[in-house]
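For the record, the sequence lines run as chains A and B. Going by my numbering, the first sequence opens with residue 1, and the numbers climb by one from there. Going by my numbering, the second sequence opens with residue 295, and the numbers climb by one from there.
If you are wondering where the hints come from, they were derived from the structure by calculation, not from laboratory data. Some hints here could point you the wrong way.
Claimed, not checked - Partial pick of chain A residues on the chain B-facing surface, computed with a CB cut under 8 Å: (1) L13; (2) F73; (3) S95; (4) P100; (5) L112; (6) M222; (7) F271; (8) V272.
To be verified - Dumping the calculated DSS-like pairs for lysine-lysine here, alpha-carbon to alpha-carbon at most 30 Å: (9) A:K107 / B:K455; (10) B:K301 / B:K391; (11) A:K15 / B:K332; (12) B:K574 / B:K472; (13) B:K390 / A:K15.
Said to hold, decoys possible - Sample of chain B residues with no beta-carbon within 10 Å of chain A, all distances over it, derived: (14) W340; (15) S465; (16) M523.
A quick note: this is a predicted structure, and the numbers were derived from the prediction, not measured. C-beta: ideal position from N, C-alpha, C; glycine also.
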Amino acid sequence: MNRKRTEIMVGWLLKISASLTVLVTISIIWILLYEAIMFFRQVSIVEFLTSTEWTPLFTNKKFGILPLLTATFLTSIIALVVAVPMGLITAVYLSEYANPTFRSVIKPILELLASIPTVVYGFFALTVVTPFLQSFIPGMAGFNALSPGIVMGIMIMPLISSLSEDAINSVPRSLRHASYALGATRFQTSIRVLLPAASSGIIASIILAISRAIGETMIVAMAAGQQPRFTFNPLVPIETLSTYIVQVSMGDVPRNSLEYSTIFACGITLFVFTFLTNNLGIWIKNRYYRKYEI
Amino acid sequence: MKYNLTKKIYDRTFQVIGLITISIALLMLVIFLVSIFKMGIPRLSWDFITSLPSRFPEKAGIYTAMMGTIWLMVLTAIFAIPIGVMGAIYLEEYGKKNRFSHLLEKNIANLSGVPSVIYGILGLELFARTLALGNSLLTGSLTLSLLILPVIIVSTREALKAIPNSLREGSYALGATKWQTIYRLILPAAAGNILTGIILALSRAIGEAAPLIVAGALVYVPFAPTNPMDEYSALPIQIFNWISRPQAAFAINAAAGIIVLLVVTFLLNGFAIAYRYRLKKKQKW
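Just need the whole structure built from these sequences, with the hints factored in.
Here is the structure:
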């Protein structure tokens with residue numbers, strides 16, 4: 001009977017461990033909601049969503065989230081402009097054109113690119129890419145959205161290429177053979193058959209990459225600057241949501257003050273956007289896997 | 295005939311574009327490494343690794359930050375591995391297809407998409423303030439544990455999934471219980487792949503700066519931490535701090551610090567990838 005008791009106890013222990021992850025999610029949502037509600041008791045939510053000035057650390061305090069939001073989207077969009085074409089071309093090339101040896105060399109290198117710590121990418125953006133861009137873009141500031149955006153694009157490119165390649169690979173062989181039998185080239189087959197057939201997997205990979213870019217912190221904190229500015233000009237210093245959270249955490253702002261609680265307002269904004277994009281990505285991906293289940 | 299020629303030209307053109315794209319990615323990696331190594335290698339010395347931080351760039355070293363990182367990694371491993379592996383065993387071996395485990399799965403997929411700064415906020419409120427652990431190593435490592443928990447669970451599940459059912463059925467046929475089967479058969483068989491996943495998760499944690507900064511890591515500590523309640527800094531934070539200073543000499547220190555960080559990350563990743571490859575070749579089923 002002792003054996004049976006062990007079985008039951010182990011079962012419970014394992015279940016509790018797995019359940020801890022739910023507790024983590026609940027804690028995140030609870031903390032962000034609670035602190036954000038405290039914040040919005042003192043600051044009008046209308047001002048927060050519509051004002052174009054963000055100066056909570058100055059004497060004349062303005063609490064408009066828009067400058068931080070536009071900065072976050074600006075750097076993310078630049079990253080996507082770099083990462084989406086590069087990632088998709090790489091995915092198609094590796095799955096349809098490359099020979100197995102080439103693929104087996106390139107894939108671990110791309111994995112390596114994805115494993116580099118983000119502070120290292122930030123350093124690269126600040127000390128190599130920015131001076132290089134400044135050499136032919138007149139009037140570009142030392143801190144700007146363009147350089148960290150491009151570097152972030154290189155960082156998320158392997159994410160898009162590997163997920164898209166998986167999606168292309170799982171298109172049934174018969175579709176490929178049918179296309180070749182009709183006399184189509186590899187390029188025609190890729191563009192007209194494989195990409196449409198794998199489209200939901202590819203879209204999911206792009207959406208997950210967007211979420212990753214929105215939440216990315218160190219690259220933009222190091223190379224994009226710390227000046228909240230309502231602009232879409234990629235050449236001037238800006239500040240993203242995540243950078244602001246880090247900036248306040250590093251400074252001497254007293255905890256429990258209104259200034260300090262702004263990080264929770266920024267945190268919940270960041271969380272809402274990444275949560276929405278993530279779930280959209282997961283939803284599209286699941287739909288896709290169901291499509292080809294035999 | 296003409297149509298045939300154009301479509302061949304398109305095909306060739308794409309092949310060239312594909313090669314160019316991949317070359318650009320590789321070229322970036324090369325420029326990246328060369329520029330950092332060129333800047334940092336001359337600064338790298340035994341002194342640099344064993345010196346305390348200083349306001350004079352030529353005297354400053356990474357000793358306190360590196361000890362902080364080592365402490366963080368050990369503590370994070372202690373917290374995250376048992377919970378992650380046990381959670382994965384539950385999801386893969388026990389709770390298959392019931393509604394609760396479906397909810398857990400969705401939740402884990404969501405957690406792995408939460409930005410790392412948000413984990414920093416969680417660590418700050420939950421560990422530093424509510425549990426009153428302050429700016430200690432314990433706060434930092436618990437925060438990192440939560441951050442890599444989804445990664446460990448997902449990779450451990452993959453490892454368990456790869457074990458064929460015949461092994462389980464054979465064990466049950468001999469009268470073994472479920473836990474006996476898992477503990478004596480499934481876990482040892484999956485151990486290699488589980489270990490690979492854990493190493494990759496830890497190598498991700500080692501490079502994280504943002505969640506630690508938010509959860510209360512310091513940019514400057516005069517001495518290396520000696521127990522889990524001590525205040526601490528970490529290698530990525532030291533690098534961030536150096537690069538934020540105006541003097542060029544600190545940027546060189548940052549480059550040298552990055553080399554140390556990269557060597558450790560690449561060693562961990564290289565080991566994991568090579569080990570995975572060997573396991574694949576040895577696989578008996």
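Tested hints:
1. L13: With a closest approach of 7 Å, the A:L13 hint holds.
2. F73: Hint violated; A:F73 Cβ to chain B Cβ min 15 Å, cut 8 Å.
3. S95: Interface hint status for A:S95: violated (11 Å vs cutoff 8 Å).
4. P100: 14 Å, violated
5. L112: 7 Å, holds
6. M222: 6 Å, holds
7. F271: Result: holds, 6 Å to nearest chain B Cβ.
8. V272: With a minimum Cβ separation of about 11 Å from chain B (threshold 8 Å), the hint on A:V272 is violated.
9. A:K107 / B:K455: Holds - the C-alpha atoms of B:K455 and A:K107 are around 23 Å apart, at most 30 Å.
10. B:K301 / B:K391: 49 Å, violated
11. A:K15 / B:K332: Outside the cut-off at roughly 51 Å; violated.
12. B:K574 / B:K472: Judged against 30 Å, a Cα distance of about 26 Å means the pair holds.
13. B:K390 / A:K15: It holds: about 12 Å lies between the C-alpha atoms, which stays within 30 Å.
14. W340: 23 Å, holds
15. S465: 14 Å, holds
16. M523: Consistent with the label, B:M523 stays out of reach of chain A, its closest Cβ about 19 Å off (over 10 Å).
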